[in-house]
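Hey, can you work out the whole structure from these sequences and the hints?
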Amino acid sequence: MTGIQRINAGIRLLPVWAIYMAGAAWALWLFWLAATGGLGVEPIEALEHRYGKLALQLIVLGLAVTPLRQGLGLNLMPLRRAIGVLAFFYVAAHLLVWAVLDVQSPAAIWADIIKRPYVTIGMAGFALLIPLALTSNNWAVRRLGPLRWRAWHRLVYPAAALGALHYIWQAKGFQIEPLAYLVAVVVLVALRIRGLGRRVAR
Amino acid sequence: MARRYISDLNWNDVTPRALYLNRRQLIGAGGAALGAGLIGGATAAQGELTPNSWDEITSYNNFYEFGTRKEDPARNAHTLTTQPWSIVIDGLVDNPGTYSMEQIVEGMTIEERIYRFRCVEAWSMVIPWNGFELADLLTRVGVQSGARYVAFETALRPDEMPGVRLPVLDWPYREGLRLDEAMHPLTLMATGLYGEPMPNQNGAPIRLVVPWKYGFKSIKSIVRITLTDTEPHATWNATQPQEYGFYSNVNPTVDHPRWSQATERRIGDGLFASRIPTLMFNGYEAEVASLYEGMDLTAQF
Chain A
208 MTGIQRINAG IRLLPVWAIY MAGAAWALWL FWLAATGGLG VEPIEALEHR YGKLALQLIV
268 LGLAVTPLRQ GLGLNLMPLR RAIGVLAFFY VAAHLLVWAV LDVQSPAAIW ADIIKRPYVT
328 IGMAGFALLI PLALTSNNWA VRRLGPLRWR AWHRLVYPAA ALGALHYIWQ AKGFQIEPLA
388 YLVAVVVLVA LRIRGLGRRV AR
Chain B
2 MARRYISDLN WNDVTPRALY LNRRQLIGAG GAALGAGLIG GATAAQGELT PNSWDEITSY
62 NNFYEFGTRK EDPARNAHTL TTQPWSIVID GLVDNPGTYS MEQIVEGMTI EERIYRFRCV
122 EAWSMVIPWN GFELADLLTR VGVQSGARYV AFETALRPDE MPGVRLPVLD WPYREGLRLD
182 EAMHPLTLMA TGLYGEPMPN QNGAPIRLVV PWKYGFKSIK SIVRITLTDT EPHATWNATQ
242 PQEYGFYSNV NPTVDHPRWS QATERRIGDG LFASRIPTLM FNGYEAEVAS LYEGMDLTAQ
302 F
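Top to bottom, those sequences are chains A and B.
Here the numbering used here is used: the first residue of the first sequence is 208, the next is one more, and so on.
Here the numbering used here is used: the first residue of the second sequence is 2, the next is one more, and so on.
Treat the hints as calculated values from the structure; they're not laboratory data.
Beta carbons are placed, not taken as given, at the ideal position from N, Cα and C, and that holds for glycine.
Among these hints, one or two may not hold up.
Footprint (simulated), chain B over chain A, 3 or more residues, beta carbon under 8 Å [said to hold, decoys possible]:
#1 248–260
#2 374–386
Okay, derived cross-link-like pairs now, DMTMM-like style, lysine to aspartate or glutamate, Cα gap no bigger than 20 Å in a straight line [what the hints assert, rightly or not]:
#3 Lys322(A) <-> Glu122(B)
#4 Lys379(A) <-> Asp171(B)
#5 Lys322(A) <-> Asp309(A)
#6 Lys260(A) <-> Asp309(A)
#7 Lys260(A) <-> Asp73(B)
#8 Lys379(A) <-> Asp95(B)
#9 Lys260(A) <-> Glu384(A)
#10 Lys379(A) <-> Asp73(B)
#11 Lys322(A) <-> Glu244(B)
#12 Lys260(A) <-> Glu72(B)
#13 Lys379(A) <-> Asp309(A)
#14 Lys379(A) <-> Glu72(B)
#15 Lys379(A) <-> Glu122(B)
#16 Lys379(A) <-> Glu244(B)
#17 Lys322(A) <-> Asp73(B)
Pasting the structure below:
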């Protein structure tokens, strides 16, 4: 057995519920750290950014599942739903910290969504993810049928792009890290769309 | 010329030394509730202002020369050589030249000034600076009659500043004030805080403090001061003029395009703290509003 095959076998043995538990536990741990001084002297901003960046990282990982399988033979497919659901969970946590702990007043939240383009596109990305989270279960896959289900879930491409733009837009000055996420999203989405084209051509 | 300004904040607004030195240990020892209780008790009688500890002031900094994350300066700025240090003072002055740090502070009255500090990112602190009035330095070098502005420049040392290897900003960092702003008694050249020499991450060995303007105007680790007759280049203003004005006076009624400036988060108040209202000119309206009489502060923000 090669190294990759061994990893694939290990991934198949991982109970998916353990992934969900670990994802939720990590979010709670970060919250505990923020509440007790472990994330520095400005815990609201720190927690907001940690949740937001984890969400973006999980979205990038989710987009990478198919290219990793095709390119390296690494099979993360058994975990893809958990990756996607946890990404949504972290986007929601990021949004809640922003709304409840950071901006605080409902009027100011609404004003930010309307007036600040980087908040607007962040909210748009979140809205695109809602139907995906709601249909991330076997019943919905059966109900929609695989073709329609897959078409719906391509909404993650624009959502990922909006998330990366949202990250770039809030940064001050010219910063490398947010640009790196956009490049990753663009490359991965391009790979997926090229893959789609091939499948249709065949 | 010294002591032309008396702060309305006093030592009661700052964490007592014993507490600020112990705060992190108290919390770190797992006594978060105990620590919070002690601090709450000690500060309850000190009015509305939540004091900022040494730890807070020196661990949460914007000093992009050492990285763009708030914790980067505390981690990276130890590499900055601050001795010897000198400042070139030139332009429209009677006595231009390169002045050593010793020459600059010689004969200056180092005062304690407890100022509010409001970042353009909508967070704030209360900081006990030590320093002298910029006006005293400018008077000593002799401002010529044609001068209308003062330009400042931060050190640019790629060997000591990891952040400047990336084009995050157009280095070196530069800022400027109108001459009347520079001569105002509130405007400080700070050489320390809490009675200690200025920590590197806060702009050692000498920095500007203009408490009624957003923090980025208070340029750090100054190596050049130039008196000019034209509005000087200011880094953030030049980078994104629609977001950062030359004046950048703290103003709760003029929003940053990407966020509201009406309220602020006081650093150190924790995860569940309420935002507090931002004050016009950061609470120094009585002292500085007259500088801007007749100006449209929405247009000249």
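Restraint status (C-alpha distance of Lys260(A) to Glu72(B) at most 20 Å): holds, 17 Å
Restraint check for Lys379(A) with Glu72(B), where alpha carbons must lie at most 20 Å apart: Answer holds: Lys379(A) to Glu72(B) is near 16 Å, not above 20 Å.
Agreement of Lys322(A) and Glu244(B) with the hint, judged by alpha carbon distance not exceeding 20 Å: holds, 14 Å
Restraint status (C-alpha distance of Lys379(A) to Asp309(A) at most 20 Å): With Cα atoms ~19 Å apart, Lys379(A) and Asp309(A) stay inside 20 Å; holds.
20 Å limit on alpha-carbon distance, applied to hinted pair Lys260(A) and Asp309(A): Status holds; Cα separation ~17 Å.
Pair hint Lys322(A) and Asp73(B), alpha-carbon separation not exceeding 20 Å: Answer violated: Lys322(A) to Asp73(B) is near 31 Å, above 20 Å.
Pair hint Lys379(A) and Asp171(B), alpha-carbon separation not exceeding 20 Å: holds, 13 Å
Given pair status - Asp73(B), Lys260(A), alpha carbons within 20 Å: holds, 18 Å
Restraint check for Lys379(A) with Glu244(B), where alpha carbons must lie at most 20 Å apart: Given pair Lys379(A), Glu244(B) holds - Cα atoms ~10 Å apart, limit 20 Å.
Restraint check for Lys260(A) with Glu384(A), where alpha carbons must lie at most 20 Å apart: The given pair, whose Cα atoms are some 11 Å apart, holds under the 20 Å limit.
Within 8 Å of chain B's CB atoms, at least three CB atoms from the stretch 248–260 of chain A: coverage verdict: holds (count 6)
20 Å Cα cutoff - pair Lys379(A), Asp95(B): violated, 39 Å
Checked against the numbered hints above, the structure breaks hints 8 and 17 and satisfies the rest.
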